[in-house]
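Protein chains: 2
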Amino acid sequence: MQDNYQQKILGIIGGGQLGRMVIQSAINYNIDIHILDPDENAPCRHICHDFSHGKLTDYDTVYAFGKGCDVITIEIENVNTEALEQLAKEGKKVFPQPEIIRLIQDKREQKQFYKENNIPTADFILTDSKADVLANADFLPAVNKLGKEGYDGRGVQVLKSEEDLDKAFEAPGLLEKLIDFDKEIAVIVSRNEHGELVAFPPVECAFHPTANLVEFLFAPAQISDEIGEEAIKVAKDVIIKLDMIGILAVEMFVTKSGEILVNEIAPRPHNSGHHTIEANFTSQFEQHLRAVMGMPLGNTGLRMPAAMVNLLGEDGFTGDAVVEGMDEAMKEKGIFIHLYGKKITKPFRKMGHVTILEENVEALKAKALKVKDSIKIKA
Amino acid sequence: MQDNYQQKILGIIGGGQLGRMVIQSAINYNIDIHILDPDENAPCRHICHDFSHGKLTDYDTVYAFGKGCDVITIEIENVNTEALEQLAKEGKKVFPQPEIIRLIQDKREQKQFYKENNIPTADFILTDSKADVLANADFLPAVNKLGKEGYDGRGVQVLKSEEDLDKAFEAPGLLEKLIDFDKEIAVIVSRNEHGELVAFPPVECAFHPTANLVEFLFAPAQISDEIGEEAIKVAKDVIIKLDMIGILAVEMFVTKSGEILVNEIAPRPHNSGHHTIEANFTSQFEQHLRAVMGMPLGNTGLRMPAAMVNLLGEDGFTGDAVVEGMDEAMKEKGIFIHLYGKKITKPFRKMGHVTILEENVEALKAKALKVKDSIKIKA
Numbered sequence: 001m002q003d004n005y006q007q008k009i010l011g012i013i014g015g016g017q018l019g020r021m022v023i024q025s026a027i028n029y030n031i032d033i034h035i036l037d038p039d040e041n042a043p044c045r046h047i048c049h050d051f052s053h054g055k056l057t058d059y060d061t062v063y064a065f066g067k068g069c070d071v072i073t074i075e076i077e078n079v080n081t082e083a084l085e086q087l088a089k090e091g092k093k094v095f096p097q098p099e100i101i102r103l104i105q106d107k108r109e110q111k112q113f114y115k116e117n118n119i120p121t122a123d124f125i126l127t128d129s130k131a132d133v134l135a136n137a138d139f140l141p142a143v144n145k146l147g148k149e150g151y152d153g154r155g156v157q158v159l160k161s162e163e164d165l166d167k168a169f170e171a172p173g174l175l176e177k178l179i180d181f182d183k184e185i186a187v188i189v190s191r192n193e194h195g196e197l198v199a200f201p202p203v204e205c206a207f208h209p210t211a212n213l214v215e216f217l218f219a220p221a222q223i224s225d226e227i228g229e230e231a232i233k234v235a236k237d238v239i240i241k242l243d244m245i246g247i248l249a250v251e252m253f254v255t256k257s258g259e260i261l262v263n264e265i266a267p268r269p270h271n272s273g274h275h276t277i278e279a280n281f282t283s284q285f286e287q288h289l290r291a292v293m294g295m296p297l298g299n300t301g302l303r304m305p306a307a308m309v310n311l312l313g314e315d316g317f318t319g320d321a322v323v324e325g326m327d328e329a330m331k332e333k334g335i336f337i338h339l340y341g342k343k344i345t346k347p348f349r350k351m352g353h354v355t356i357l358e359e360n361v362e363a364l365k366a367k368a369l370k371v372k373d374s375i376k377i378k379a
Numbered sequence: 001m002q003d004n005y006q007q008k009i010l011g012i013i014g015g016g017q018l019g020r021m022v023i024q025s026a027i028n029y030n031i032d033i034h035i036l037d038p039d040e041n042a043p044c045r046h047i048c049h050d051f052s053h054g055k056l057t058d059y060d061t062v063y064a065f066g067k068g069c070d071v072i073t074i075e076i077e078n079v080n081t082e083a084l085e086q087l088a089k090e091g092k093k094v095f096p097q098p099e100i101i102r103l104i105q106d107k108r109e110q111k112q113f114y115k116e117n118n119i120p121t122a123d124f125i126l127t128d129s130k131a132d133v134l135a136n137a138d139f140l141p142a143v144n145k146l147g148k149e150g151y152d153g154r155g156v157q158v159l160k161s162e163e164d165l166d167k168a169f170e171a172p173g174l175l176e177k178l179i180d181f182d183k184e185i186a187v188i189v190s191r192n193e194h195g196e197l198v199a200f201p202p203v204e205c206a207f208h209p210t211a212n213l214v215e216f217l218f219a220p221a222q223i224s225d226e227i228g229e230e231a232i233k234v235a236k237d238v239i240i241k242l243d244m245i246g247i248l249a250v251e252m253f254v255t256k257s258g259e260i261l262v263n264e265i266a267p268r269p270h271n272s273g274h275h276t277i278e279a280n281f282t283s284q285f286e287q288h289l290r291a292v293m294g295m296p297l298g299n300t301g302l303r304m305p306a307a308m309v310n311l312l313g314e315d316g317f318t319g320d321a322v323v324e325g326m327d328e329a330m331k332e333k334g335i336f337i338h339l340y341g342k343k344i345t346k347p348f349r350k351m352g353h354v355t356i357l358e359e360n361v362e363a364l365k366a367k368a369l370k371v372k373d374s375i376k377i378k379a
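Line by line, the protein sequences give chains A and B.
So for the first sequence, full-length UniProt numbering puts the first residue at 1; every next one is plus one.
So for the second sequence, full-length UniProt numbering puts the first residue at 1; every next one is plus one.
Be aware that a few hints might be false.
Where chain B lies over chain A, by a calculated footprint (3+ residues, C-beta under 8 Å) [claimed, not checked]:
id: 1; region: 22-30
id: 2; region: 44-53
id: 3; region: 300-310
id: 4; region: 325-337
For lysine to aspartate or glutamate, the following EDC-like pairs were computed, each having C-alpha atoms within a straight-line distance of at most 20 Å [to be verified]:
id: 5; chain 1: B; residue 1: Lys370; chain 2: B; residue 2: Asp327
id: 6; chain 1: A; residue 1: Lys343; chain 2: B; residue 2: Asp32
id: 7; chain 1: A; residue 1: Lys331; chain 2: B; residue 2: Glu196
id: 8; chain 1: A; residue 1: Lys333; chain 2: B; residue 2: Glu196
id: 9; chain 1: B; residue 1: Lys331; chain 2: A; residue 2: Glu196
id: 10; chain 1: B; residue 1: Lys8; chain 2: A; residue 2: Asp327
id: 11; chain 1: B; residue 1: Lys183; chain 2: B; residue 2: Glu259
id: 12; chain 1: A; residue 1: Lys8; chain 2: B; residue 2: Asp327
id: 13; chain 1: B; residue 1: Lys8; chain 2: A; residue 2: Glu324
id: 14; chain 1: B; residue 1: Lys378; chain 2: B; residue 2: Glu314
id: 15; chain 1: A; residue 1: Lys343; chain 2: B; residue 2: Asp50
id: 16; chain 1: A; residue 1: Lys8; chain 2: B; residue 2: Asp320
id: 17; chain 1: B; residue 1: Lys333; chain 2: A; residue 2: Glu196
id: 18; chain 1: A; residue 1: Lys331; chain 2: B; residue 2: Glu193
id: 19; chain 1: B; residue 1: Lys376; chain 2: B; residue 2: Glu328
id: 20; chain 1: B; residue 1: Lys331; chain 2: A; residue 2: Glu193
id: 21; chain 1: A; residue 1: Lys378; chain 2: A; residue 2: Glu328
id: 22; chain 1: B; residue 1: Lys331; chain 2: B; residue 2: Glu359
id: 23; chain 1: B; residue 1: Lys376; chain 2: B; residue 2: Glu215
id: 24; chain 1: B; residue 1: Lys183; chain 2: B; residue 2: Glu215
id: 25; chain 1: A; residue 1: Lys8; chain 2: B; residue 2: Glu324
id: 26; chain 1: B; residue 1: Lys8; chain 2: A; residue 2: Asp320
id: 27; chain 1: B; residue 1: Lys343; chain 2: A; residue 2: Asp32
id: 28; chain 1: B; residue 1: Lys343; chain 2: A; residue 2: Asp50
id: 29; chain 1: A; residue 1: Lys67; chain 2: A; residue 2: Glu99
Please keep in mind that the hints were generated in silico from the structure rather than gathered at the bench.
Note that the structure is a prediction, hence the values are computed from the model and not measured.
Built from N, CA and C at the ideal position, the CB exists for glycine as well.
Pulled out of the complex, with its shape left as it was, chain A reads as follows (with noise of 0.2 Å):
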């Protein structure tokens, strides 16, 4: 049999840290990636085969971008699905579909998909405006979620009490029972066109306080064997109810009384999976990867113990990042920097990651930690 990977071109629409990492991999695999982004300096703009600048919501773009690719995938959800239901239509591989796009860029649907298809996730109702919210203070404490383009922390807000109620969205968007979670976990699924299915183990995210990203991730996360079984199985059942080629992450509460509820899902390779690179057999991006070009699935067992923490832009510095610290870090075994290339740092931008290999557990939070308070991005 001929391996005819090397052949297919692949699209990526979005050209941030996901799409680097993805090539990252794919230069072992002689996949040509070309890459469709609307920052001329975007994080992948020098080490693709082709770069397109323009806009990911724009019909014409993306739909001219798609038509020189053999395989088409995101990194972000939003973009212009008409132009990839088109470009599918046409005979080109899109994953993930582009009706799942759609559907997990509006949380509304998301939720009532949620629902229809018995997959646990807290308690909603729908909102269309402010007054609706208000109208509903008696189901608080809530989260009030918008229904469209909330992104990395953004459009997200918590409702503990009537008094909080004057921050809520104006826009359409929904109510979510405030979950009195004893962890958040994450679990990374991936399924190709052949069937196969597999899942990453469970990790443990801990977020930031304010700024509504993950602030560590530690793997494997410290639940019980029933719960992370029960994860896993819950996120097979989301990728197999949205019948979803590609990589899927599933974010989930795990409650005080130990039940799993899903909270967010994204159809890409996720902030939950960074320390895979070499925390795991096969990389969330390899796996992502191979997903898409129809590649077999590859293991992904843990091969030790890992954190994950983001370095976000300082608070209070906007400019031409400088990386302080980093020589302390780099002197440590186990511990390995992935900066993503972005010239202009800005609060709490996403300018890399370190991920931290330790047997022990305890030495691992406690590495994780020296490392967030030693590297910092300033300008």
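With chain A's structure known, arrange chain B on it following the hints.
Chain B only, in chain A's frame:
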């Protein structure tokens, strides 16, 4: 302290697979890489910041290329060292230093360097011509090596008895006593401007019987601790006596009496270190980058026993490369395929490599053999 590695441009003379794997590491540090290569379709072509097409042995080409960089390194020894010397004089950082590259370009000078510096090596005599070799027939069995331009198995001839004498080289070279060795091992050492000096654990090489190329590599080498420590001591001694900055691969024989003899050295990432990408905490490619850029050197500990198999072009096939039999290997745990992006295959051309990780050393050898038998590069 500000870490300004990212503000420096690294130029690599040569854009083959070694440069390609350096770039894969450099992406993590936002280091811009410029490449010079005579092949328009060199493996680094599409993944570097700037690609110059030109002859590596031409003074003007190398000089002009180097002027646009801050730090200059090599991935092949056959380069114009006069241009590099001029660049160093003008304040560019050139690592390895030009005089070391020149020394290593000539195996005769290399051997004399060992002798003058008490570095253990096989006995030898310099020969200027075929007639010279014939006149020294009593030195057989020996290896006849060309002084210059031997590479990837070319320029080396085993002369077991007088019957082999017609294979002797006509050009200046040397005759080296044929060593009835127990094992061939290699130690990669690296050294930066700050005086840091770090060794990778010794590995064991098994050569292809006719092509004189590494066919299998195993890490760790199956040698005693004493021999391992001695090998590291010898390798460190070589880089110190060369006063070299960068990464140096030291290939050695372990004789049946347990003696260590230096065979060849290479002042760049080397085939005997490819497994380090997945098997060690720091890869040789990242270590090379760290050493030449003046970054702290990384921990070289082995994470897991590893084997490495070169994917050589099948004998009898020349033309557009087609990889066969990848699927089975991709399904297995701990198998990592690296293709080098070379369009054209030729018999025994290095087209890629596979690293195999496995705790059980016996299983490791079996898996390495299986990979070698299943993945084929044809045309």
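Right, here's what the structure says about each hint:
1. Using a Cβ-Cβ cut-off of 8 Å, 6 residues of the region 22-30 of chain A lie near chain B, which meets the minimum of three, so the contact claim holds.
2. For the region 44-53 of chain A, the proposed coverage by chain B is satisfied: 4 residues have a C-beta within less than 8 Å of a C-beta in that chain, meeting the threshold of three.
3. Here the region 300-310 of chain A counts 3 residues with a CB under 8 Å from a CB of chain B, which clears the bar of 3, and the coverage holds.
4. Chain B is given as covering the region 325-337 of chain A, and this holds because 10 residues of the stretch bring a CB closer than 8 Å to a CB of that chain, at least three being needed.
5. For the suggested pair lysine 370 of chain B and aspartate 327 of chain B, the alpha carbons sit about 13 Å apart, so the restraint of at most 20 Å is met.
6. For the proposed pair lysine 343 of chain A and aspartate 32 of chain B, the alpha carbon gap of about 12 Å is at most 20 Å, so the pair holds.
7. In summary, the hint linking lysine 331 of chain A to glutamate 196 of chain B is supported, as the alpha carbons are separated by about 11 Å, within the 20 Å threshold.
8. Between lysine 333 of chain A and glutamate 196 of chain B the alpha-carbon distance is near 15 Å, which keeps this suggested pair within the 20 Å criterion.
9. Taken as a hint, the lysine 331 of chain B and glutamate 196 of chain A pair is honoured in the structure, with Cα atoms around 11 Å apart against an allowance of 20 Å.
10. Between lysine 8 of chain B and aspartate 327 of chain A the CA atoms are separated by roughly 16 Å; this keeps the pair inside 20 Å, and the hint holds.
11. Straight-line distance between C-alpha atoms of lysine 183 of chain B and glutamate 259 of chain B comes to about 11 Å, which keeps the hinted pair within the 20 Å bound.
12. About 16 Å separates the Cα atoms of lysine 8 of chain A and aspartate 327 of chain B, which keeps this hinted pair within 20 Å; it holds.
13. Note on lysine 8 of chain B and glutamate 324 of chain A: the hinted pairing holds, with a Cα-Cα distance of about 16 Å set against a maximum of 20 Å.
14. For a cut-off of 20 Å, the pair hint linking lysine 378 of chain B to glutamate 314 of chain B stands: about 6 Å separates their Cα positions.
15. Restraint check for lysine 343 of chain A and aspartate 50 of chain B: the C-alpha separation of about 18 Å stays at or below 20 Å, so the hint holds.
16. Only pairs whose Cα atoms come within 20 Å are accepted, and lysine 8 of chain A paired with aspartate 320 of chain B is accepted, the gap being roughly 15 Å.
17. Between the alpha carbons of lysine 333 of chain B and glutamate 196 of chain A the distance comes to roughly 15 Å, so the proposed pair stays at or under 20 Å and holds.
18. The suggested pairing of lysine 331 of chain A with glutamate 193 of chain B holds, with an alpha-carbon distance near 15 Å, which does not exceed 20 Å.
19. A threshold of 20 Å between alpha carbons decides the hint, and for lysine 376 of chain B with glutamate 328 of chain B the separation of about 12 Å falls inside it, so the pair holds.
20. A distance of roughly 15 Å separates the Cα atoms of lysine 331 of chain B and glutamate 193 of chain A; the hinted pair therefore holds under the 20 Å criterion.
21. A C-alpha spacing of about 17 Å is found between lysine 378 of chain A and glutamate 328 of chain A, which places the hinted pair at or below 20 Å, so the restraint holds.
22. With a CA separation close to 18 Å, the supplied pair lysine 331 of chain B and glutamate 359 of chain B stays within the 20 Å bound.
23. As the CA atoms of lysine 376 of chain B and glutamate 215 of chain B are separated by approximately 14 Å, the hinted pair is consistent with the 20 Å bound.
24. Between lysine 183 of chain B and glutamate 215 of chain B the CA atoms are separated by roughly 14 Å; this keeps the pair inside 20 Å, and the hint holds.
25. Simply put, lysine 8 of chain A and glutamate 324 of chain B have alpha-carbon atoms about 16 Å apart, close enough for the 20 Å limit, and the pair holds.
26. Restraint check for lysine 8 of chain B and aspartate 320 of chain A: satisfied, since their Cα atoms lie roughly 15 Å apart, inside the 20 Å limit.
27. Between the alpha carbons of lysine 343 of chain B and aspartate 32 of chain A the distance comes to roughly 12 Å, so the proposed pair stays at or under 20 Å and holds.
28. For the proposed pair lysine 343 of chain B and aspartate 50 of chain A, the alpha carbon gap of about 18 Å is at most 20 Å, so the pair holds.
29. Pair hint lysine 67 of chain A plus glutamate 99 of chain A holds up; C-alpha atoms about 19 Å apart against a cutoff of 20 Å.
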